[in-house]
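Chemist: One-letter residues, chain by chain:
Protein chains: 2
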Amino acid sequence: MADVAVKRDTDSVETDELSQRVKRAKAGDEDGGGEAGEEPEAENILSGFKTSNILSDSAREKNIFIHGKLADQDAVVILEKTPIREDILAEVFSGSSLKLEMRNDIYSTYRLQAPPHLNEIKTTVVCPATEKHVKKYQRQESFLVEETGKDYQSITLPYIQKQSFSVQWVYNILEKKAEAERIVYEDPDPKAGFVLLPDFKWDQKQVDDLYLIAIVHQRDIRSLRDLTSEHIPLLQNIFQKGKEAILQRYNLPASRLRVYLHYQPSYYHLHVHFTKLGYEAPGCGVERAHLLADVIQNLQSDPDYYKNRTLYFPLRADDGLLSKFKEAGRL
Amino acid sequence: MADVAVKRDTDSVETDELSQRVKRAKAGDEDGGGEAGEEPEAENILSGFKTSNILSDSAREKNIFIHGKLADQDAVVILEKTPIREDILAEVFSGSSLKLEMRNDIYSTYRLQAPPHLNEIKTTVVCPATEKHVKKYQRQESFLVEETGKDYQSITLPYIQKQSFSVQWVYNILEKKAEAERIVYEDPDPKAGFVLLPDFKWDQKQVDDLYLIAIVHQRDIRSLRDLTSEHIPLLQNIFQKGKEAILQRYNLPASRLRVYLHYQPSYYHLHVHFTKLGYEAPGCGVERAHLLADVIQNLQSDPDYYKNRTLYFPLRADDGLLSKFKEAGRL
Chain A
331 MADVAVKRDT DSVETDELSQ RVKRAKAGDE DGGGEAGEEP EAENILSGFK TSNILSDSAR
391 EKNIFIHGKL ADQDAVVILE KTPIREDILA EVFSGSSLKL EMRNDIYSTY RLQAPPHLNE
451 IKTTVVCPAT EKHVKKYQRQ ESFLVEETGK DYQSITLPYI QKQSFSVQWV YNILEKKAEA
511 ERIVYEDPDP KAGFVLLPDF KWDQKQVDDL YLIAIVHQRD IRSLRDLTSE HIPLLQNIFQ
571 KGKEAILQRY NLPASRLRVY LHYQPSYYHL HVHFTKLGYE APGCGVERAH LLADVIQNLQ
631 SDPDYYKNRT LYFPLRADDG LLSKFKEAGR L
Chain B
331 MADVAVKRDT DSVETDELSQ RVKRAKAGDE DGGGEAGEEP EAENILSGFK TSNILSDSAR
391 EKNIFIHGKL ADQDAVVILE KTPIREDILA EVFSGSSLKL EMRNDIYSTY RLQAPPHLNE
451 IKTTVVCPAT EKHVKKYQRQ ESFLVEETGK DYQSITLPYI QKQSFSVQWV YNILEKKAEA
511 ERIVYEDPDP KAGFVLLPDF KWDQKQVDDL YLIAIVHQRD IRSLRDLTSE HIPLLQNIFQ
571 KGKEAILQRY NLPASRLRVY LHYQPSYYHL HVHFTKLGYE APGCGVERAH LLADVIQNLQ
631 SDPDYYKNRT LYFPLRADDG LLSKFKEAGR L
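Residue numbers (the numbering used here), protein chains in the order written: chain A, 331 to 661; chain B, 331 to 661.
Hint data in this document are derived by calculation from the structure and do not stem from the laboratory.
Computed from a prediction, not measured in an experiment: that's the story for all the values here.
Each residue gets a CB set at the ideal place from its N, CA and C atoms; glycine is no exception.
Keep in mind that the hints are not guaranteed to be accurate.
Stated by the list, open to error - For each label pair, taking beta carbons as the anchor points, the in silico distance ranges come out as: (1) Asp632(B) x Tyr489(A): 45 to 51 Å; (2) Glu431(A) x Ser424(B): 23 to 29 Å; (3) Lys399(A) x Pro563(B): 56 to 62 Å; (4) Asp529(B) x Glu476(A): 21 to 27 Å; (5) Ala510(B) x Gly659(A): 38 to 44 Å; (6) Ser424(B) x Arg390(A): 25 to 31 Å.
My request is simple: use the sequences and hints to build the entire structure.
Modeler: Structure, rendered in structure tokens:
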């Protein structure tokens, strides 16, 4: 299953036309702006979208990742059905039409057609999309890699540095140049502080699939590998204040949360994932996730734990880093 | 997550009224039967449905299991969003309306409202439903528990011992009294040996969801907590020979496997899980799974690692052990 976390890459040029149309839509300037107080309806920018190929899809998760063209630019469009919420059930039951498919004894199945506003599809558009985006969403087989402390220094770190993945979009968030209204909590301290906001994947309409990200203000921590005991106050601060903020805002106590880091992370600026415990968030598997509580415990027992430790993580078949490990005879 | 497979129970009495209405709908006798050749639309039998409570739901899988009343009878209604098919995309894109939610650089998100016939909801009705049906679909919330080495001694261990969970079925396998034909590999050594066989959950029809269990011959290791450095040869033996056997039998190399233990385990006789890396096996989440490679590494660095370590694990709301932790003020 392709990692749904959108890896932001701002080296690309924005479509003036697309951004203008969307910005106007957001400001309510379009003819379809509607009544005062109503949400403006965006011009259906996807009516001109031409599918090139399907990158991946999941029947289990009811989503699809599509590569295509939008206004002559490469784009990736992600569609995902939305969870079914209890609070709209009565409306759904009274306002839908049913087509019977099968009946057998006490069991019967139907195809139900609901009012569209009660059955929306979460849509994400990445445009213009780079080759990196297209590759990211392309479903690939995974391989487990064993990375010693030495491997990190000789293989992974040089690779990361050479790629120079842009995290400008992260800085935009930290500097409130983008997504400022989405911020749930901030501790502005430059050393121990962070910004907490909903992850892209979460539409915030229900807590069942709660997913927030805490992005640290410090800019020199790439990943788990850079963490030492001097970062314990930072990590504890994220844990403590993040949990409190989530309890305040969403009424979800710490015992209902899964709080972890990824290794390898999707982007090399330290961030922590807060997901609801019962929700099998993509990427919460043991091969990639590391409980924040465990990370803190490890650093308390050994300041250089993550310098020396052998770490395991999955890499997709087309990942350049996997090739490096193969070349080094480590796979 | 409730098992979606519908469990049939034919001891129940069919609702004459309901079945008659639905059968007539199927035969096209209803006024809403429509034109010849068209699918008959069932009377919206759910317009009279009254929700009693939600049994479970999955934001990831976009489904919901509802207990309620239909024509004065107990019923379970299951709604599930349908996968997104490639063949209807063009129609969806041209026929939908979009509401902009957010824009940041090249990324934008929308709520898309599609024509209902392109966005149906799979609906199953079990009516009349028995108490067995209702219990089957009832999900329990999970809580994350923090267990120190001391907590294990004072809370968990006494609880396990008092429960005296029977592992006779495990001994039956080890002694070839049961499931002997399912054994994929065995090392009969009483100290370092184990039996490897497919897990119940795997139908062995494809390797996509490969799942095997290695059960140790030693009978005095309950779980991770009992492991010390003296067990390293055992653990390494399981890892090595298990991987080899899987490569031989299923042509799947070690780099495609996820090999781990559970804490808490489902049963208190040491066993190791071998699952395919790309398969998100239930229970492979970081809150419960521990990579075997990590366990070996931990014991190599500290012989008493699992005696002293604080471990985290999820417990269901109805788990007796959760009550013990609550009583002890640890939750």
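Chemist: If a hint holds in the structure, say so; if it does not, say that too.
Modeler: Taking the hints in turn, this is what the structure says about them:
no., hint, result
1, Asp632(B) x Tyr489(A): 45 to 51 Å, "32 Å, violated"
2, Glu431(A) x Ser424(B): 23 to 29 Å, "27 Å, holds"
3, Lys399(A) x Pro563(B): 56 to 62 Å, "59 Å, holds"
4, Asp529(B) x Glu476(A): 21 to 27 Å, "25 Å, holds"
5, Ala510(B) x Gly659(A): 38 to 44 Å, "41 Å, holds"
6, Ser424(B) x Arg390(A): 25 to 31 Å, "27 Å, holds"
Checked against the numbered hints given earlier, the structure breaks only hint 1 and satisfies all the rest.
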